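*Asks:* Below are the chains, spelled out letter by letter.
4 protein chains.
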Amino acid sequence: MRNIQVSELDRRAVEDQDVEIVERKGLGHPDSLCDGIAEEVSRALSRLYLDRVGKVLHYNTDETQLAAGSASPAFGGGELLEPVYVLIVGRATKKYQGRTLPVERTALEAARSYLNETVPELDVGTDVVLDARLGEGSGDLQEVFGEDDAQVPEANDTSFGVGHAPLTETERIVLEAERELNGSYAADHPELGPDVKIMGKREGDAIDITVAAAMVDAYVADMDDYLASVDRVEAFVSDLATSYTDREVHVQVNTADDAEEGSIYLTTSGTSAEQGDDGSVGRGNRANGLITPNRPMSMEATSGKNPVNHIGKIYNLLSTDIAEAVVEEVDGIRDLQVRLLSQIGRPIDRPHVADAQVVTAEGVAVSDVEAEMIEIVDERLANVTDVTRRVIEGELSTF
Amino acid sequence: MRNIQVSELDRRAVEDQDVEIVERKGLGHPDSLCDGIAEEVSRALSRLYLDRVGKVLHYNTDETQLAAGSASPAFGGGELLEPVYVLIVGRATKKYQGRTLPVERTALEAARSYLNETVPELDVGTDVVLDARLGEGSGDLQEVFGEDDAQVPEANDTSFGVGHAPLTETERIVLEAERELNGSYAADHPELGPDVKIMGKREGDAIDITVAAAMVDAYVADMDDYLASVDRVEAFVSDLATSYTDREVHVQVNTADDAEEGSIYLTTSGTSAEQGDDGSVGRGNRANGLITPNRPMSMEATSGKNPVNHIGKIYNLLSTDIAEAVVEEVDGIRDLQVRLLSQIGRPIDRPHVADAQVVTAEGVAVSDVEAEMIEIVDERLANVTDVTRRVIEGELSTF
Amino acid sequence: MRNIQVSELDRRAVEDQDVEIVERKGLGHPDSLCDGIAEEVSRALSRLYLDRVGKVLHYNTDETQLAAGSASPAFGGGELLEPVYVLIVGRATKKYQGRTLPVERTALEAARSYLNETVPELDVGTDVVLDARLGEGSGDLQEVFGEDDAQVPEANDTSFGVGHAPLTETERIVLEAERELNGSYAADHPELGPDVKIMGKREGDAIDITVAAAMVDAYVADMDDYLASVDRVEAFVSDLATSYTDREVHVQVNTADDAEEGSIYLTTSGTSAEQGDDGSVGRGNRANGLITPNRPMSMEATSGKNPVNHIGKIYNLLSTDIAEAVVEEVDGIRDLQVRLLSQIGRPIDRPHVADAQVVTAEGVAVSDVEAEMIEIVDERLANVTDVTRRVIEGELSTF
Amino acid sequence: MRNIQVSELDRRAVEDQDVEIVERKGLGHPDSLCDGIAEEVSRALSRLYLDRVGKVLHYNTDETQLAAGSASPAFGGGELLEPVYVLIVGRATKKYQGRTLPVERTALEAARSYLNETVPELDVGTDVVLDARLGEGSGDLQEVFGEDDAQVPEANDTSFGVGHAPLTETERIVLEAERELNGSYAADHPELGPDVKIMGKREGDAIDITVAAAMVDAYVADMDDYLASVDRVEAFVSDLATSYTDREVHVQVNTADDAEEGSIYLTTSGTSAEQGDDGSVGRGNRANGLITPNRPMSMEATSGKNPVNHIGKIYNLLSTDIAEAVVEEVDGIRDLQVRLLSQIGRPIDRPHVADAQVVTAEGVAVSDVEAEMIEIVDERLANVTDVTRRVIEGELSTF
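Protein sequences appear in the order of chains A, B, C and D. Take the first sequence: its letter number 30 is residue 30 in our numbering, and every next letter is one higher. Take the second sequence: its letter number 375 is residue 1375 in our numbering, and every next letter is one higher. Take the third sequence: its letter number 387 is residue 2387 in our numbering, and every next letter is one higher. Take the fourth sequence: its letter number 334 is residue 3334 in our numbering, and every next letter is one higher.
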């Protein structure tokens, strides 16, 4: 039997706390770019190994360093001056049964294609210098991780994952605002770059949403055009917010601007990586896409880790997945926090402890939902290898 | 007047919670090495600027990437095979009033000296390739930050810092065990390398301390010697633990070892950076030296940031400092959490909100301690520039 | 008056010597790739400066290092495994009158475009990691070199250039064979890669031409196809040779092949840079496109140097140009060697010595051609700035 | 029988020509630093392989790229600003019979130790960033080269080596002046840095020696001291020259100086690598230590190549060695040029042609010396593997 504990969460639901802080670094933020590259490289390597040898071999690519470049943005179109430098770091099995596998080329290709798609205004090879240092790793780790029959691996580390559900209103606004801005909105408004950073702060029932949005100079004719672009973003986010909350929402965009002095958030590429902002993996969003100081968070970087056997990655994604599944299927839950703790040597579908702490809705007792919750947790743990599959297929986001 | 709020903390003291998890990555862990290098480079640049121009100029060196090397450890002394690669990334003002300042040389010198001291078995220049990419940063950030008269700067970002006190027993054990192992113990036992990682888990009154301790092969004659070394560490930590708690403590060292198969944690340099473990800044310990998923944590990397004006760094250090000061001076506090939230454009000694949440001891009301607490918080905020000074003088640790 | 000396050359014409050795590294050879990149970057920077500030500012980009990658070629199409790494090194003026110029981006763009054109099978950004380290240079060299009115600069170094004409039959065959193979032949035969290396050896009247020709696997179906491709190259070069000489010519292609053992010159990209052959600037062809140990050669790397003021570059190109002009316009010259030696501080159109040594045809005395020769040398020296212009416009090749 | 041909050299002895140009880049010149590092790394790898596996395995390290740094020299002692960057490039066998060999560490250690010794004012690790990119090379070249029984390998390339003897007076002055300046003189005069570049030009009987000597600021108190230091070098070289010639010698040191404008050749480290002068292998001195446009030269870089099987390296060193031996043992030789040409697949002690061309002294016929010459050439060819041994033991210099 799995060790699954359900108990009452020892605090108010985050939704009911007095002060709440939420942040999301958008796709084009230097830290998110590194997360995205690391994860994309990881997926490409998984696929390479599956294609070539039928199983995922040892690798770990959870480090990517971005050193910022410089640019001279100008209304109507400026130019990059110094390229952004991106170094992919990690290790990967390069030889298997006498065959040499193109791991470095695969990593570069994945990273380049991801960057081209995510920051189209940056021309990789000219505006971005992309390099890789992939070692072989130590002999001990060289063992092969099977995947064809989706065997459950043993935990090779003591690690910890934590997930939450449901999102609070503020969390949802922050998350969705970034997704929509980088999705439908950007499709219609090329002047909005992918480096959108959103900070949400709720005090009581007043929600402040602060957006830092990098504008792309080629699509901004002059200062009036810029100010109108900023206003459009503000209106869009205000609108979007009202569909998630009845609370009072106040949206501010590019508050650090000083239009009089010409100090505005104008870029050539749409990311602050052109303006001295460095980045690396694991310093931004957690596995659920948010930074939430009101909730326990794992420090573990999820992006770029091997999805077959990295227990920290799997447990962070799985605990989030479990929390969401429980909240979706079980009524009467106001806040849920799921923690998974591994034990070295145990199969990862049998954590040392799986701990589901819950704030129930008024009139609902923990005992009312306990059995149903345990069942869901148990089933998801049993199918832990699904997480691996979904990561490789790109169904699960890590940041 | 400063906006200082004191309220009851909306949960039990961490000491009283059922499950507690605490981790500390020791000085020689690849992530900590990066934190240490980044902070040491930052301090060296601050001192350079103060020496040469009387004030700290703009810089930010909060990124350092370590790409692991490889080694073939052997009882009695093995050897490094591939060097560890360390890239210092950031930006710094290189020219001021017509003078060119040796920022890259200063950064390399600080990093090298820190590495030589922290991992003496690694010979920087042969075992470690140390490189730096320090840009100039964008024009807008080029402004100069005064320091001669210790003016209070304005916040240039919305940022958040959080601090706690007192440490729980488990936290104290984890923190002190690593410090002692890397201090007095290592001084007497050269076989213990600086890469000591400690995980503490408390369930109810049972504390498990798991230590991963890299042994240095030159000082380990054979397997018996190794096993004896592991036992010595275990005994030392067990002893130490009893001075911090009356709870039952169970210590395990190098649990992943398989002595039969010769798979043990033996290294040539004393750090897993020789064995495929990469590292970067801000992925390990928080500003109080610990990773504490039971407590709110800031994702902000503290190490390497400019201590004069980086609001995230200052508020993380200051909130910790405030929490410790309050607990030391005010009786009846069982758990205290201090949060500081900046507002763009306001002097940083006047945060948007300074929020002290407290779990009082039995028989103590929040109102009993509120006035005293506010006074201390207020006084510390007034002296915010002390944080800058103490960081530059190396009195405050950031990881 | 210019110091122009005409004298009899103190040896037989190279055409009449017993043994002659000539070599040309084709466009796709790693050393030539570096030469080509360096020169292309130089031209791009010259144009950048002319476009933006009306004159060529200080720069020097005569160093490019190529570190080879690896590949696993296969009939019908193999793949790159490890990328080729190319580092552009040099210095360039980055700021001028308050404007920042995109020198690094310009350099990367020029190099990438050159590589894409020269080795189309290599995808820069995936198969090639392209990086640049361009410093600012020392203050003393920071002065600006005028070009608008094409002023003649002063020599800033003691340097030496040497040129020859006419080419011997062997030289012509080697030079033209590579040009045709990389030109019309490759256009029709995509299986021939750009890395063609040709060695010519003449002993008396027997000329041996040895060709090493990298075949591109995607266009070679099998071993028979490969052998046929090799034969085609041999036939082509044999044919071509007969148009330049009546001597007996023996052509061999890919002599190191061992078809039985499957050890053949098959590549994925068409260059040995995918097979462990590193490259750098100035180690291959001299300014006239050849390596000719029978003739005096300058060690000076011509590619990548600033064409406005680098005396070594200008004199190597100019001496070759003069030799060719003299031979074209003056009858009765069997071999001509022109040397230009600079003197620090003198205008470069007035070399310390311009020395034309000649082997005249039978029945022609030096005195018969001296006056005409001096006139041509004098006129070309007077128009020395033409060299600069022609280099920038790409009319003069440097390797 | 070996194919050894002796004939009359088809020109006057260089000593008798009207104009002669000779150059030597001293040990501290950026190009020479790269030559020295490459060769030192090569020797260290040879020794590593011999120590560990009893034979020299495949490697080639004939590429090293130096990207200059910057400094602000000042009387009494200035400082480095930006570090010099040195990248060692090549390939080496990293695994042999299951053992992993520390080739990168060995390369870094050799390079660092060489730099520390050659440019003591540069602190490697702080003033110099030293990095290495050593690939594995392609499979075909992976074969092992025996050395225990000193078997004669077969030529794997068509290559060419050329050597000369005796040195002319001008050559001897240039060579010895640099050696003495960097030897006994520097030992007594720490103000003289190792970057000494000497150009010799002889017109008829007038010899001009131009020395560019980097002075080290820490040992130069002021301008008077500097000028005195320059004068001392001039006097020393003038003195030295008279012991090699009766011709009129005119020595100039640091002719580009402009003391009035403070533009002098003052450095902090003693090398122009701190002042924007980049360097790479094979662009400076030929195997005999000189650049001699009056004589045929091989373009082949000798430094860093594998001394067991690289035919270009071996033949360049051997031809020089043969020429010197012949001139020492046979009377009546005024100028001698030895050329060795390999043929793919033949043992290297049996070159395709060994060609000794001679200018005899007055009254001596070629036939008088032919037999003796052939004997010496034959004997040296028979002992070709001595070259390998002497290179590894550091007895033969390559630049």
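The hints are simulated quantities; they were obtained by calculation from the structure and are not laboratory data. In this text the structure is predicted, and so the values were computed from the model without any measurement. Careful: at least some of the hints might be erroneous.
[Stated by the list, open to error] Simulated restraints on C-beta separations:
| no. | chain 1 | residue 1 | chain 2 | residue 2 | range |
| --- | --- | --- | --- | --- | --- |
| 1 | C | Arg2002 | A | Glu261 | 57 to 67 Å |
| 2 | A | Gln151 | D | Gln3097 | 48 to 58 Å |
| 3 | B | Ser1007 | A | Thr242 | 21 to 31 Å |
| 4 | A | Gly98 | C | Ser2184 | 34 to 44 Å |
| 5 | A | Ala74 | B | Arg1346 | 25 to 35 Å |
| 6 | A | Glu261 | C | Lys2095 | 20 to 30 Å |
Backbone N, C-alpha and C fix where the C-beta goes; we use that ideal spot for every residue, glycine too.
*Asks:* So which hints don't hold here, by number, going up?
*Replies:* 2
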